[in-house]
Amino acid sequence: MGGLGFVIGVGGTSRALNGARVCRRAEIHEAAKEGRVNDVRELIESGVDVDERDEEGWTALMWGSRVGDLEVVKLLHGKGADLMARNDKGSTSLHHASHWQSEPVVNALLSWLDEGEGVNEQNSVGWTPLHWAAKAGSSRITKLLLDSGSSVNVRHVLGAAPLHEATNSGDVEVAQLLLDAGADVNMTSSTGATPLLSAAYMGSIELCELFIDAGGSLAIRDEGGDTPLICAARGGFEDVVEMLIERGARVNEKNKAGWTALHEACRWGRDDVIGILVADENVILENRNENGETALHLAAMYGASYGVPDVIESLVEAGASVDAVDSSGKTPTDIVLLSTRAEKDEVLNALKPRIAT
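Each residue of the sequence shown is one higher than the last, beginning at 1 in UniProt numbering.
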């Protein structure tokens with residue numbers, strides 16, 4: 001692109017001159033953002049500070065790293081740009097390059113930084129470049145950062161380590177890299193979630209198996225008392241539920257509200273999961289939550305909403321009591337009769353085989 005020009009009219013005041021300087025300072029960020037390397041060079045040579053900040057504290061190097069323009073980044077480094085400068089949110093150029101998956105820029109920045117420098121810097125909310133690489137699911141950048149000394153178990157303000165972020169992105173390869181580097185598979189976030197709990201909640205059987213093989217606890221609970229099995233049952237992930245039971249998950253464990261995996265499956269109409277749970281010889285059909293409700297109470301309450309009376313039929317055929325009363329004295333049948341739903345007749349029909357005549 002051609003040279004930059006700022007025209008000041010005849011008799012222009014010092015205010016106009018100052019305005020031109022402000023424009024030129026602002027232009028370096030736009031030029032870096034748009035990959036206009038010649039303009040970046042011209043601006044610096046005309047006197048614009050290579051580390052000039054925009055209104056959010058970003059430097060041209062940060063913008064070049066954000067957009068992944070290696071030519072701009074190399075030029076700025078050659079002109080003495082501060083590799084460790086932070087914006088108003090505490091992020092460095094390495095944070096931005098890792099976040100936006102610019103492997104060439106990450107590689108260059110790491111080669112210019114002293115060994116171990118910058119890789120464990122945390123921004124204002126505790127994120128390191130490795131957190132961003134893991135969240136982005138970038139195995140190559142994750143490996144670059146690990147090889148450069150990134151701490152694998154550092155937490156951000158929500159208590160999550162890079163392994164939590166890799167789990168949230170669903171990336172098995174990155175998760176394996178982090179585990180191989182020593183990531184704590186049972187580290188809990190601020191909500192008590194481990195990577196296994198998150199993987200079960202998401203329904204990722206690959207990640208669940210990876211974490212169990214690495215020593216992930218099947219009995220660990222989050223702040224609400226949910227186990228991996230309860231999380232998987234709530235989401236209706238029958239393959240994960242089946243695998244967790246095969247690997248030793250206990251089907252009758254309750255969360256803080258007294259809900260078991262079966263309660264959750266009935267609440268959300270997960271008929272395939274219910275079939276797996278009621279087939280387990282250890283399941284207790286009459287387990288009660290904090291309101292005294294059995295799984296059948298919940299199926300009766302919500303069955304019409306999900307249009308799955310098969311859920312109720314499965315429970316009744318497995319031996320669930322239609323006469324069980326909750327803490328307010330209601331049976332599953334009472335709950336249906338009190339309902340105003342148009343579909344309640346369909347639910348009542350599902351209960352009929354066990355209603356006394």
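These are computed hints drawn from the structure, not numbers from a lab.
There may be inaccurate statements among the hints.
Said to hold, decoys possible - Pairs of lysine-lysine residues, derived as BS3-like cross-links and limited to a Cα-Cα distance of at most 30 Å, are as follows:
#1 Lys254 with Lys143
#2 Lys330 with Lys352
#3 Lys79 with Lys143
#4 Lys79 with Lys33
Source: prediction; values computed, not measured.
Here is what the structure says about each hint:
For the given pair, Lys254 sits about 39 Å from Lys143 by alpha-carbon distance, which is inconsistent with the 30 Å threshold. Distance restraint check for Lys330 and Lys352: the Cα-Cα separation of roughly 17 Å lies within the 30 Å cut-off, and the hinted pair is therefore satisfied. Annotation: proposed proximity of Lys79 to Lys143 holds, straight-line Cα distance about 29 Å (limit 30 Å). Between Lys79 and Lys33 the alpha-carbon distance is near 17 Å, which keeps this suggested pair within the 30 Å criterion.
Against the hints set out earlier in the document, a violation occurs for number 1 only.
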